[in-house]
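This note's numbering puts the first residue of the sequence shown at 10, with every later residue one more than the last.
Any given hint might turn out to be false.
No farther apart than 30 Å at their CA atoms in a straight line, the calculated lysine-lysine pairs in the BS3-like style are these [unchecked claim]:
#1 K103 <-> K169
#2 K169 <-> K45
#3 K103 <-> K125
#4 K273 <-> K169
Computed spacing ranges between beta-carbons, pair by pair [stated by the list, open to error]:
#5 F182 <-> I150: 27 to 37 Å
#6 E258 <-> L286: 20 to 30 Å
#7 E258 <-> L224: 41 to 51 Å
#8 T256 <-> G174: 18 to 28 Å
#9 P250 <-> P66: 36 to 46 Å
#10 T101 <-> L243: 38 to 48 Å
No lab work stands behind these hints: they were computed from the structure. Bear in mind the structure is a predicted one, so any value in this text is a computation, not a measurement. Don't be surprised by glycine CBs; every beta carbon is placed ideally from N, CA and C.
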Amino acid sequence: MDKLLSLWYESGIYQMALGQFSMIVVCLLLLYLAIKRGFEPLLLVPIGFGGLLANIPAAGLAFSAVENAINSGNPDVLQSLAQSLQLATWETGKDIYSAYESASASVHILAEQTAKDLGFLNGMLYNFYTISIASGAAPLIIFMGVGAMTDFGPLLANPKTLLLGAAAQFGIFATVLGALGLTSLGLMDFSLADAAAIGIIGGADGPTAIYVASLLAPDLLGAIAVAAYSYMALVPLIQPPIMRALTTEKERQIVMVQLRPISKLEKVCFPLVLLILVALFLPSAAPLLGMFCLGNLMRECGVVDRLS
């Protein structure tokens with residue numbers, strides 16, 4: 010009987026929290042929208058499945074070795090971690106986790122080594138996050154792919170359409186002000202950096218949202234990534250009624266044609282000029298824009314056979 014009780018206490022069903030259950034339901038909904046309804050399956054299938062893996066109770070796939078050790082609740086393990094963190098008094102695992110969060114880098118290393126010596130390892134998703142997202146590599150690589158898929162021909166033929174893209178940035182400022190407004194009303198507790206990271210969702214650009222969130226608000230990265238990509242996946246559902254409300258049927262039947270042919274020289278020079286000008290005015294944007302322009306240059310230069 011004791012073995013059965015021990016097995017029950019170690020099961021994911023017993024350890025499931027309300028938040029984990031809610032996220033599993035949300036992830037199943039995302040998978041349903043992707044598979045059954047066809048809403049951006051390349052985005053929602055990996056997001057939904059990754060969310061399922063991250064929220065499996067007791068699996069610890071999204072946690073570090075220290076977090077897995079704390080979540081185990083073993084008194085001996087907690088005592089060893091408290092000693093490595095030089096924590097004299099503690100009552101619960103939350104106290105140890107708070108001390109770990111505020112500790113110096115050298116103490117972090119000592120705590121991680123202690124957890125690994127006790128048999129706890131970093132979760133698979135945690136390792137993936139550390140190598141790809143926290144380092145900033147994955148968003149930059151994704152942005153290079155976005156650049157390789159982008160055709161600037163219509164923009165070069167009709168530069169006035171640049172104003173349409175500029176107007177879209179109002180969504181960023183509106184979202185930032187909205188987040189700060191919720192904070193001032195006492196409904197939320199967002200810092201200016203948190204609000205700025207959330208505001209990037211208003212630009213409807215997933216890689217940028219992930220990159221900025223990883224720099225400004227790493228603790229909100231998961232929520233921001235899911236919100237940004239879910240929002241973009243629902244654009245085909247949101248746009249049609251808005252377009253029908255703002256245009257006539259005759260206007261929607263107009264066939265758009267490119268105003269003039271664009272030479273190869275123009276297409277090759279554009280990403281180079283764009284990168285140099287923007288990087289000179291805003292050097293902090295150079296990594297993201299640089300990878301985007303690199304992808305577009307490989308597309309347009311004609312010597313990268315798989316992309317040209």
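Results of checking the hints against the structure:
no.	hint	verdict
1	K103 <-> K169	violated (55 Å)
2	K169 <-> K45	violated (39 Å)
3	K103 <-> K125	holds (19 Å)
4	K273 <-> K169	holds (21 Å)
5	F182 <-> I150: 27 to 37 Å	holds (28 Å)
6	E258 <-> L286: 20 to 30 Å	violated (41 Å)
7	E258 <-> L224: 41 to 51 Å	holds (46 Å)
8	T256 <-> G174: 18 to 28 Å	holds (19 Å)
9	P250 <-> P66: 36 to 46 Å	holds (40 Å)
10	T101 <-> L243: 38 to 48 Å	holds (40 Å)
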